[in-house]
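> For the record, the sequence lines run as chains A and B. For the first sequence, my numbering begins at 1 and goes up steadily by one. For the second sequence, my numbering begins at 1 and goes up steadily by one.
Note that these hints are calculated values from the structure, not bench results. Glycine included, C-beta positions come from ideal geometry on N, C-alpha and C. Don't take each hint at face value.
What the hints assert, rightly or not - Ranges of calculated distance between the beta carbons of each label pair, as one might list FRET restraints: (1) Glu-47/B / Arg-143/A: 54 to 62 Å; (2) Asn-13/A / Val-15/B: 44 to 52 Å; (3) Glu-29/A / Ala-16/B: 43 to 51 Å; (4) Arg-183/A / Ala-45/B: 32 to 40 Å; (5) Asn-46/B / Arg-97/A: 18 to 26 Å; (6) Asp-168/A / Asp-19/B: 49 to 57 Å; (7) Phe-37/B / Thr-165/A: 23 to 31 Å.
Claimed, not checked - Incomplete in silico selection of chain A near chain B, CB under 10 Å: (8) Arg-107; (9) Leu-109; (10) Ala-185.
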Amino acid sequence: MMKAAVIRFPGSNCDQDCHYVLTKEFGIEAEYVWHKEASVEQFDLIVLPGGFSYGDYLRCGAIARYSPVMRSVAAEAERGKLVVGICNGFQILCEARLLPGALIRNRSLHFVCEHVYARLENMETAFTHSEVAKADGKLLTARTGLLLHMPIAHGEGSYTADAETLRDLNRNGQVVLRYADSRGAITDAANPNGSAENIAGIVNGRGNVFGLMPHPERACDPLLGSEDGKLIFQSVIESASKKMKSSSGPIGKRQT
Amino acid sequence: MTVMPKRSVLDPQGVAVRDAMRHHGLPEVKSVRVGKFMEIEVEGANEDALHEICRDLLSNPVIEDYELRIQ
């Protein structure tokens with residue numbers, strides 16, 4: 001059975017939400033992993049949850065990046081394992097250079113806490129390809145759910161990168177989510193934090209590391225106002241279990 | 001050690017401080033950028049190691065430049 005790691009740093013505060021969604025909504029095994037652990041090798045999926053690791057001292061994610069567990073996260077990412085960083089997790093992945101660019105202070109200087117629409121820009125990533133049945137019986141697919149309604153809650157979520165990096169991200173389909181208005185238009189008014197090109201989520205060049213500022217774990221239950229986050233969890237769980245099967249197949253077909 | 005946001009990176013804090021200064025009777029102020037100053041006490045560390053940590057931990061070269069002065 002596939003097993004997910006939810007990394008806990010001092011100051012993580014969305015760890016329980018992520019664990020709940022993985023275990024209760026999707027029925028997979030998930031374990032909390034304290035940041036001082038040396039290895040996450042035994043896990044098939046690694047989640048870096050939101051929060052304020054190390055009180056956001058120095059820069060968001062800057063100190064967490066040097067936690068012992070991050071060396072193993074980087075090694076597993078290098079081996080192709082799936083890694084998702086949400087909010088502070090996204091900041092940590094950027095600080096760790098597992099994703100390009102950086103997240104800086106919101107343009108408004110205000111902490112923003114609201115539901116936003118994020119438009120799916122790439123429906124073929126390991127994190128966005130699946131279809132999910134919603135509670136009302138409707139099917140949510142990357143295509144029908146072109147706009148995901150999810151909450152954001154951050155003070156430093158303004159994505160920034162140099163022109164060359166932005167060009168590469170666009171060219172390689174690495175921009176996965178962009179802030180949009182309720183009709184899907186990418187406008188400055190719909191940009192809650194001043195992110196370059198309304199970027200809300202990106203993947204690395206290999207497509208196995210995903211960082212996003214919106215909180216899909218807070219959008220997996222109709223009681224919370226949205227189930228759109230399920231699309232992301234469903235996709236990543238399916239992708240991780242596919243990877244497991246292909247790597248535990250007969251010798252000779254084993255992927256390295 | 002000083003850390004400053006790169007010229008190419010938006011510094012919303014600097015913009016807010018600039019606007020406040022203009023409203024407080026100094027319309028001449030053109031721009032403000034807000035950085036950090038860190039005082040670090042060390043004994044016998046070599047300079048290369050200090051630069052390495054300035055680059056890798058104390059600043060983020062994607063968005064910031066640093067200057068290290070040793071005295």
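> State the violated hints by number, sorted upward, taking the hints as numbered earlier in the document.
2, 4, 6, 10
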